[in-house]
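Chains as they are written, first to last, in numbering that gives the first Met the number 0: chain A, 0 to 616; chain B, 0 to 206.
One or more hints might be untrue.
To be verified - Sample of chain B residues at the chain A side, in silico, Cβ under 10 Å:
1. Leu29
2. Leu68
3. Lys97
4. Arg132
5. Ile155
6. Asn174
Just so you know, these hints were derived from the structure itself, not from any lab. Cβ coordinates follow ideal geometry from the N, Cα and C atoms, glycine included.
Single-letter residue listing:
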Amino acid sequence: MSIAATQKRSFSAILWDYLTTVDHKKVAHLYLFGGGFFFLLGGLEALIIRIQLIKPMNDFISAGFYNEMFTMHGTTMIFLAAMPLILALMNAAMPLQIGARDVAFPFLNALGVWLFIFGGILLNMSWFLGGAPDAGWTSYVPLATDSATHGVDFYVLGLQIAGAGTLMSGINFLATIINMRAPGMTYMRMPLFTWTTFITSVLILFAFPALTIGLFLLMFDRMFGSAFFNAALGGNAIIWEHLFWIFGHPEVYILILPIFGIFSEIFATFSKKRLFGYTAMVFATMLIAFLGFMVWAHHMFTVGLGAMANSIFAVATMAIAVPTGIKIFNWLATMWGGSIKINSAMLWSLGFIPTFTIGGMTGVMLGSAVADYQYHDTYFVVAHFHYVIVGGTVFGIFAGLHYWWPKMFGRILNETLGKWTFWVFFFGFHFTFFVQHFLGLMGMPRRYWVFLNDQELDLGNFISTIGAFLMGVGVIMFLWNVIATAVKGEKAEADPWDGRTLEWSIPSPPPFYNFKQVPLVRGLDALWIEKTEGNKQMTPGEPLDDIHMPNGSILPFIMSLGFFIAGIGFIYQVDHKLWYIVLYGGMALALGTMVVRSLKDDLGFYVKKEELEREAK
Amino acid sequence: MSHIHPLNPETMPNEPEKATLEGKNKFLGLWFFLGGETVLFASLFGTYIALRNSTAGGPTSQEMFGLELVFIMTILLLTSSLTSVYAMYHMKNQDFKKMQLWLGVTGLLGLSFLGLEIYEFAHYITDYGFTFRSSAFGSAFYTLVGFHGGHVTFGIAWLITIMIRNAKRGLNLYNAPKYYTFSLYWHFIDVIWVFVFTVVYLMGKVA
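Can you build the whole structure from these sequences, using the hints too?
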């Protein structure tokens, strides 16, 4: 095993490397490529939705196809774009930030990414196999149980497989952060992105199983004739809404908390100041996560749960604005008096603050149960959640990518293109969604295929569609930037941003074992402390010795393939019993791989001390 | 194989399951996994409680459930938890043979539990026509109890795999965490059964 693996390698060697990798940095690449691909797909779906709504009574696509389009747009963007892109950044940065050589369960990490990829492929195969799911991303029953095509079946199995992968990542990150921090790194010395990764992982752990069960019940009703949601046999459709939102509300905090961590890193780094109110930031994150589990029924105000339930959930919902406000003010105070450098990463972060604040404000408006009867299922809601998810999560992902790109790929993204991307996307975004607040207040319902003439909705929808195309242009510029950087981008040094945390103390990109010697951490912003004392590098926390690393494995890929095949069997066994062969075959492949994994010892390998010393020369 | 030696030290540490970083990670990871499983079963229990009276004119829980059989099942599973504790006790004393023996007993008790559960299901289906599809209550009952039974099945398969795999080579620091995490998982299944017994059978009998 040679460390100097930088020579030119054949394409098949690189492919095999990625198929078998358990290295968190390469898993991050896989999440990024997969999530990026689905982000483009979801964006395309969004553009088709907006073209359909560019003028009144348009017939660009049929009503049924429109249903499939908005269902897949939401599902793809949440589960197959935003989540994986966040997991990409977590995988890329978190282990480096705590001074670890890999995550606690490298094998599970690889399994998680392959389950996500196969789940995403399964879900999107529905386009070509009789129709995509068309019951909305929330897939409410009985709409979902009565949907005639196999679309919703693909939704159920695709999300089940991808969701299992996410759950594994959550457990993995928790164990990693608790057990594998470098010496001296106490909890209150962890970078804020590590903190938010930690708390997000708790949310994943306790939220996803509710979705797992919801999907199982829906699957049983659709494929095996059970009666959970069948009112004729005593079933209850509200159970789905509860299970979905017990998962679904924490999910939106899963999407935003890591992003808060990214912004905290960026504001501190580019203001050359310690993060203002670090402790308050940590506890605000915990409070948001805790309250996030207490508010799911605010999605169900109009169901008729009663005044008492609605009041409690309304108050809990509005309470979340308090810790979020703490965060906004801490970011502003971090910049206050700092030596601010404005580059692409910083622009996305600065753009985030007003945008997200608007989204938070409409959130409080929606949280008022009484007023919500007016807003419910209108474009006001659409505008609100795009302000928080695009204005928060997507802005944050772009910011994080600009910030960590040098660490992930060894090259710096082009700044000029980066700034152009931001401004085009930023204006496009506000064109698209700001006007939707007013469309909603004027009564335009969400998910409608067409709207009528002379309802004063024409101009707003037209502006919105133009804005969507501007966002599309922004994304293309970013892609252009990625390609241009890969071809002839500026090579990144170890610490291109004058960073504060451990990931900037090692080369870009890092060697596969990350740290030759695990660093000794002497406080918050560990690298910055060394810099202020004139040290060129981190003090080692251990003598130079052999490094134990995990072996690569193709098993995660095969196991995920097995579940993918079994998923197809589940979907089609309704049509013909012969499909059971596929179902059992897939399960046998997946479970058989599990047995192989259990029987075969995987003791890893050692990078020899001598080899490390030779590298140093 | 030069690095197999650290896993077979001259004297085993007191807690061989947590002596290596891999062991610590597995131990902690399994606890977190059980945390997730708690939410999974909580969702199932919530669904069951919402639907347990939705019999759609079919048999009710009072008519069908017999506490005698369920009592025997409970005893079997609780005892299997105890025998897995014995096994872990012997693991800490590095008595591999006795550990395997008690794990074998654990597995047998688990299998007899499963046998009775299958008998119980068959009894409801043939004697009462109470199936997965007959009412929302039926769907919720078979799903909740079946998920538990599925966990027992998976646990037994897991146990057999590690018992056979390690039968010849004895205990070391690589497989000790595997045994220990199995025992944690097994206790968890047992705890879930206590709730199934209470919520499904006791409440089903009196309500």
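Task: Violations among the numbered hints - done: 2, 3 and 5
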